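Chain by chain, the residues:
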Amino acid sequence: MANIKWSYMDHYSMPGPRGNTSPYTSRALADEFVKTIAGLGFTGFDTFARSLPGRAAMFGSVKNYLDFLKERGMEKIVGAFHEYSYVSPTRAPHVRSTHDNIFRDVENIMRINDAGWGLEMLITMPASTYWQVEPVTDEKLHAMADIWNRVGKLTIANGIKTACHHEFWCGLKTMEEMEKFYSWTDPQYVYFYCDTAQHQIAGNDPVKLYMKYHDRCCGLHLKDTHVVDATGDFRIPPDPEAQAPHNTRWFWNMGEPAIPPYGPGLVDFPALFKALKDYNYRGWVSVEHDGTSDYPESTCTAAWYMDNVLKKIYS
Amino acid sequence: MPDLKWGYVCQGGRRREQHEIKFKQVSVNGFRGIELKSGTNRFSPTGRPDLIEINFGSAHNFVEFLHSCGIDQIVSYYYDPGIAFLEESSAGRSAAKIEDHEGIVESTRSFAKFLRDVGGSCLVVKAMGSYSREAPITETKTKTIAECWNKVGKMTKEYGVKTVMHINCLCAMHSTEEIEKLLSLTAPDLVGLALDTADQTIAGIDPVALYEKHYARIHHIYCVDALAADTVGEYKTVAGTGQDGGPGFTGGEKKIEQWYGAMGTVNGLVNFPALIKSVRQHNYSGWLVAENRQMSNSAHGCMLNGYYIKRVLPALQG
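First to last, the sequence lines map onto chains A and B. For the first sequence, the positions run 1 to 315 when our numbering is used. For the second sequence, the positions run 1 to 318 when our numbering is used.
Hints were generated in silico from the structure; no laboratory data involved. The structure presented is a predicted model; accordingly, all values stated were derived computationally and were not measured. Careful: at least some of the hints might be erroneous.
[What the hints assert, rightly or not] Computed list of lysine-lysine pairs in BS3-like fashion (alpha-carbon distance at most 25 angstroms, straight line):
| hint | chain 1 | residue 1 | chain 2 | residue 2 |
| --- | --- | --- | --- | --- |
| 1 | A | K312 | B | K310 |
| 2 | A | K5 | B | K310 |
| 3 | B | K310 | A | K311 |
| 4 | A | K70 | B | K310 |
| 5 | A | K76 | B | K157 |
Next comes chain A alone, as it looks inside the complex (with noise of 0.2 angstroms):
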């Protein structure tokens, strides 16, 4: 049996009849995308928490949709991302009187889970835009530690993990805060979610952080990058990954060529995977594509990599 499983984050852009589309724009353009993902090897799609229920809509039922994954080679939806990237008046996880709403907010995903989609993650960002946190003091880190440790104790219940994945533009993204964060959570409740490019972008190495949080990592998104954030883009409004000043593109597939004016991707997946293997990691894998020109090229590029480099190491 196979150690590693591997999902795809599906959100994606695709050919369709009338210039790139997503692909569930229609059933037929769902059916392609699904078999080509599936083609590649990949049993498992992660998404957004707020999809689900347009999903389950659009085929019917939720086990319509599934079925339609399952013929198609794809398992299931292994994990639902839902975050609060921009503080509200009503919801912000550093601000304790916003914290029964997004409380409830939890319960609600866990009562769309409960028409059969059998989620394994609820994966996410533990802090709004830094921006908007700053400073980031211990007490805020304390109150983001307290939602999720209240949130993942409700998801742990219903059999889903509650994983913080932290943006390399989020409020809690130095190896400081992350690590009083990770102290502050109970680690029955709180999990990790490893996102490769995010980390090195945030001058952080993601092989030794999953090192150090590998009993909490319950998955990994993998991406590669060829740049630092050295000139503090991360703290400019309004967002720092889609409108940073001095960057117009942050992340690139695993496995890709070293095209000029880039040398080769900044992020060590054998490195990685080695340490996958060595703390003998179980579980999903999930590969990410952030603003790709080509999502079918990328997914091709990585998925060559990782048959024939990632999976050479360990699977």
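Based on these hints, arrange chain B on the given structure of chain A.
Only chain B this time, still in chain A's reference frame:
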């Protein structure tokens, strides 16, 4: 029964990184061999053996590069005599013109030698130009075309390479009878046929029936789906004047912009399960070659073709 051998047509790309991405894309989707297409000048780094030498240093280097991308071998080269090869100061040649035969034989020699050197098996030749350029078909013209490919086939045989004729959906030679006539005028030990599931279907020919009848002469098969058939003879109109053969076929009376699709396209016209069954029954030992034609995203098309050969066909065959 021999295992099916799946290849993919690869063209385009100018930078080494683009080639790497493309070849890895093909290999990860289950295709172990590639077909190259003839081209000219620096816009086509793999379009000719001498261009491969300029861009990769040697045929050996190119093959090593392919191996590093997970491609086992070069299967074939598609040769279009109508290309104005700058390297030969050619304005484009035609098998229908006897005065062009010597030039075609000498031009194809380097391709045959290359295929021998890299272990490739087929030189696929565009048998004849499009209807707009070379109609009408006459007895004399058919004989002249056959004679040309007999000469080329005799030359490629010296290198251990087969010459096979490809007839696309815009070709002046169009019907089963015309194809069979051409085939009958070529020597079986020198010239074969490249079956094209899409081009034959678009032209109103059942590719499975054609294979059943002429399997002994068919040494190369293109597996591409057809989304429509040309039932009103649009290949004879302005719509059929596209420069790149079948993929240039758009618009026209039926306003069809896309005639081709990946294998297994919903409502596609080609019966691939029947073809594969027949191919196995006749112990076909050649390659089955998929290709992106008229698809807006080549990676997406490759992925769809990959899903079909990895998941659909094996499930149908049990």
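Outcome of the hint check:
no., hint, result
1, A:K312 <-> B:K310, "holds (21 angstroms)"
2, A:K5 <-> B:K310, "holds (19 angstroms)"
3, B:K310 <-> A:K311, "holds (19 angstroms)"
4, A:K70 <-> B:K310, "holds (16 angstroms)"
5, A:K76 <-> B:K157, "violated (54 angstroms)"
When held up to the earlier numbered hints, the structure conflicts with hint 5 and nothing else.
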